[in-house]
Structures are given as structure tokens and as C-alpha cells.
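*Asks:* Given next are the chains, with one letter for each unit.
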Amino acid sequence: MEQFAAVKRSKDGQPVRYLIVDDSVFARKNLARMIETFGGQVAAEAGDGLTAISEFDRTHPDIVLMDITMPQMEGIEAAERIVQQHPEARIVMVSSVGYQENIVAALQRGARHFVQKPVKPEVLYEVIKYVLGEDGAVSNAAGAGA
Amino acid sequence: MKMELIQPFINAADAVLSQGLQGSTKVGNLTMEEEAYRRKGVAGMIALTGDIEGRIILDLEPQTAVRVASHYAGTDLPESDALIKETIFELANQVVGNAISALNDQGFHFRVHPPLLLTADQGDKTSEDTEALMILFETSLGNVFMNVALRYNKKRMADHATARA
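Residue numbers (the working numbering), protein chains in the order written: chain A, 291 to 436; chain B, 2 to 166.
Source of the hints: derived by calculation from the structure; they are not laboratory data.
The C-beta atom is built at its ideal place from N, Cα and C for all residues, glycine as well.
Worth double-checking, as some hints may not be accurate.
To be verified - Just so you have them, the derived chain A footprint on chain B, three or more residues with Cβ under 8 Å:
no., region
1, 71-83
2, 142-150
Said to hold, decoys possible - Think about it this way: if two alpha-carbon atoms lie no more than 25 Å apart in a straight line, the pair counts; the simulated DMTMM-like pairs of lysine to aspartate or glutamate are:
no., chain 1, residue 1, chain 2, residue 2
3, A, Lys-410, B, Asp-77
4, A, Lys-410, B, Glu-87
5, B, Lys-27, B, Glu-62
For reference, chain B alone in the conformation it holds in the complex (with noise of 0.2 Å):
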């Protein structure tokens, strides 16, 4: 796993979900995942193509969804399948908009694709250099996890180098 890759993230979504809800935020448990993706409330996924390539997935429960919704708004939202969406893809466009800020400040270039809601149960499994990280931040409004499964694009990175020298 490369953690150069991932910290960025881990960053984006601390900053992203302690200022937006503006309470303390704690990164609980990080975690490996060898095993397909398993969804546990409500996921959507974006994913990023360039130099660095693959995905994140964020996922609430859907009462979490509707009580970050309701915080921004200021007022209590009622629940709903497009509110709850809604909220996971502003909430993961606002991390990954962040991340890649830092990172292509660093000289990593990638496309950024619309989020998509994650419907299956069970995702596709990751492989021996996409193992994917699950981090858990414990936010005053509920749990939110994070799973990010990134690596180098080999090619495009040598392409680079060779354009350098």
C-alpha cells in the first residue's frame, strides 16, 4: 500500500468532515482489505484515472447521511433516497477534490469521474497492488468509512520521467 498516495486523502476527509460538521472528528481503526468490498450503509464510489489510478468509496449509514444533510441545511431534512445520495457524493466530491488539490500540486495529473452510487452488497475484489485501506472516522453525527484503493499508473509515470530527462 502506498501511504504517500493514501494520506492525502486520509487528510481531506478529516479536514472535509471536522470543518463541515464542525466538530471534533477521530480517525478510528485502519484496516487492510484483502476481501471484496463490502458495503454497509449507503456507498458512492469515484474514481480516478492519470498517474495515480483506482477509487474511493464513502460510505454512511443512511440516518448518517440525513443527519449531515440536516446539519449543513440547518434545519432537520427529511429522509430520502436522493438526499442521502445527494449527501455521500457532495461529502466524497468535497474529499476527493481536496486530495487531488495536494496531489497535483505534487505533479500528479488524473481525471476525476462523476460519482456513481454503489448498489451492490459486494464489490469487485482488489487486487495485489490496489489493496485497499478502510479507515473509520467517528464523527459526531455517526460513522463514516472510507476506502481507498490507489496506485501508480507505471506507464504514464515513465512516460514522464523520460519527457524529464
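Bound-form chain A, shown alone (with noise of 0.2 Å):
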């Protein structure tokens, strides 16, 4: 897989942490491959939005990557859920559903970016550093797992 120079946080110059959020174990396996090219770390996983409302509170992630279509409650509704409590979450959906209304929708209920599946990861890497923005900082250093 592609190396990047590493994203780390601008505060502390710690990694970012993300949250994953996919009822597929398949597809989180292959996100939190390239979180660790971009030098990242993954805080926690959930396989449906209810967990990731808790996976959330619990870990307080940086950056949220979350899935649309899901068991027991969809990503839309739990990005508009996690966003109600905590307005500064950072939360990017991935999803092969790629439509104008589903991003829309998407966008209006809290979420900053979307990124379509297959998911190519200098997409996601260019889509992360704009959603951090000043919170974010490229090290020198590139990230690991080449």
C-alpha cells in the first residue's frame, strides 16, 4: 500500500484517532490498514451506528469513519445523534451508496465530508487532512505499514 507523510494532531503531535464504524469487519480492516499508512490510530471500531454512539462518548475520537447502511440504526441518523451532543465531532461517511440525496442528506444532518466506496486511500488521505484542518499537521515522518 501507498506510504504518507504522517497526519498527526497539531495540539500534542500525538496520532489522530478514529473511530470506525462498519457493520462490515471486511471493510473496517481495510480502512484502519490505510489510517495506519497515514500515521494514524485506531481508538475503536463499532459495526452499527448504536455503537458508535457509545464508542464515541467512550473514546472521544478525532475523526470519525462511518458507514451509511447498517443494522439497528443507520449512519446518518447516529452522525446527526453524535453531532446533537457533540458539535465538534469531525465524522467523514464512507459508503459505496454514493447518490446525490444520501450525500445531501448526509451533509445537512452534521457529517463534514463523504468518501465513496472502494475507498482509495489518497482519497481519504486528502479528505482527513482537509476535515482536521488547522487541528491537523503533516509530520515529516511518513506513516506506517508500507
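Build the complex: two chains, separate frames, hints provided.
*Replies:* This is the structure:
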């Protein structure tokens, strides 16, 4: 997998912490691997929207990568509930269903960005830098997992 | 066979397989299936209802599914029924999700049903208006078969035309 310059938290230079939410273990492993190459750290994983809310409260990640179609509670509703409680939450929707209505609904309900599956590492990397804004800093060191 | 319905699925499968596996994917044989679907390896099916109706089947040899999952995880994974099923379902979801995104932006609306594992060796015979097209994708990790059988829901399409008039 391609190697990227590590993205760290600008406030303390620590790795960016991610919550990965997807009902597919396969998809979660894939995202976790990409995050490692960005120099990030997986704070927690969840397989549905309800668990995502409790894992967010428990771990306070810097970024949430959230699938849309999931059992128990779908990603857009979970994103809305998290943002209601934590307006500072940075949620990026990651879904194979990328039609306009879905994207608009996700953004209107609190998501910061949208990435369509299959996820291209270079696209996700740019989106993460954009969403972090000044709270993220690109270091000279490369991420792990080359 | 309505090629305008099939093409988004071929494009989506090509994109999902070539981007996901980061290797070249070659579209191999395209064949019309007039007889009942015959399972080749482990097959996952996703049904669509709405303006367009039918189903998409993704069929892989178990060893191919394990190689795909291992590639995504970046490490060799042990073969298990759960891993194989998970891999096929996620690939099928990505293919169908990408294809319906393109069709939805063209104005078609439908419901995508959760994937189902096909366990029978042989499926239902397709009817005249839902002929199935079988497409072989040759990837660096093994062959992937996709069987697409779709048709327009004439009543819903007529309702939309009336509403627009």
C-alpha cells in the first residue's frame, strides 16, 4: 500500500485517533490499514450506529469514519445524534451508495465530508487533512504499514 | 437484455475490483444465461425492487475470496466460512452501491435488499424479460463471476411518466 506523510494532531503531535464504523469487518480492516499508513491510530471500532454513539462517548476520537447502511441504526442518524451531543465531532461518511440525495442528507445532518467506496487511500488522506484543518499537521515522518 | 441497465454494474464491478485489488482487471467472457443459474463457488445475491427489478449475483471460488480479504487486510487471513461470506457480501455491496448511485442520478429509484448467501447449486430459471448476463472478471487474485438479471418495472415507469405529464 502507498506510503503517506503522517498526519498528527497539531495541539500535541500525537497520532490522530479514529473511530471506524462499518457493519463489515472486511471494510473495517481495510480502513484500519489505510489509517496506519496515514500515521493514525484506531481508537475504537463499531458495527452499527448505536454502538458508534457509545464508542464515541467512550473514546472521543478526532475523526469518525462512518458507513451509511448498517443494522440497528443507520450511519446518517448516528452521525446526527453524535453531532447533537458533540458539535465539534468530525464525521466522514464512507459508503458505496454515493448518490446525491444521500450525500446531501448526510451533510445536512452533521457529517463533514463523504468518501465513496471502494475507498482510494489518496482520496481519504486528502479528505482527512481537509476535515482536520488547522487541528492536523503533516509531519515529515511517514505513516506505518508500508 | 437492457444493456443500459447492465452497463453501470459492469463499470462498477470493474472499478471496485481494479481499485480495491490495485491490479489490472480484465473483463472476460460475457454470456447470456438462459438456463437456471448454476453456482460456481460461493455466491452472494442482492435483490433490487423499484423502478428496476431483479438481482445481482457475485460468485467467487472460496480461495479467491480469502485472497481478496487478505489483500484488503494486508496480512494472510485463515480461511473460514464467515470470512468468505463477509468478503463476497462487501464486494457485492460495493458493486451494487456504485451502480445504483449512477442509476439514481439518472432518475431511477429503487430499494436495495440485504445480501443473501446462495446455498443451492442451481437457482431459479430466468424468464424472457429478465434474461441474465454472466460476466467474468479476471483479476490478479482469481476469477470473479457476476450474474445480472434486471428489468424495468413497467408499472412504476408508467406512473412516473404520468406524474411528469
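*Asks:* Compare the structure with each hint and give your call.
*Replies:* Here is how each hint holds up against the structure:
1. 71-83: It holds, with 3 qualifying residues against the three required.
2. 142-150: Answer violated; 0 residues pass the 8 Å Cβ test.
3. A:Lys-410 - B:Asp-77: holds (21 Å)
4. A:Lys-410 - B:Glu-87: holds (20 Å)
5. B:Lys-27 - B:Glu-62: holds (17 Å)
When the structure is compared with the earlier hints, a violation turns up for hint 2 alone.
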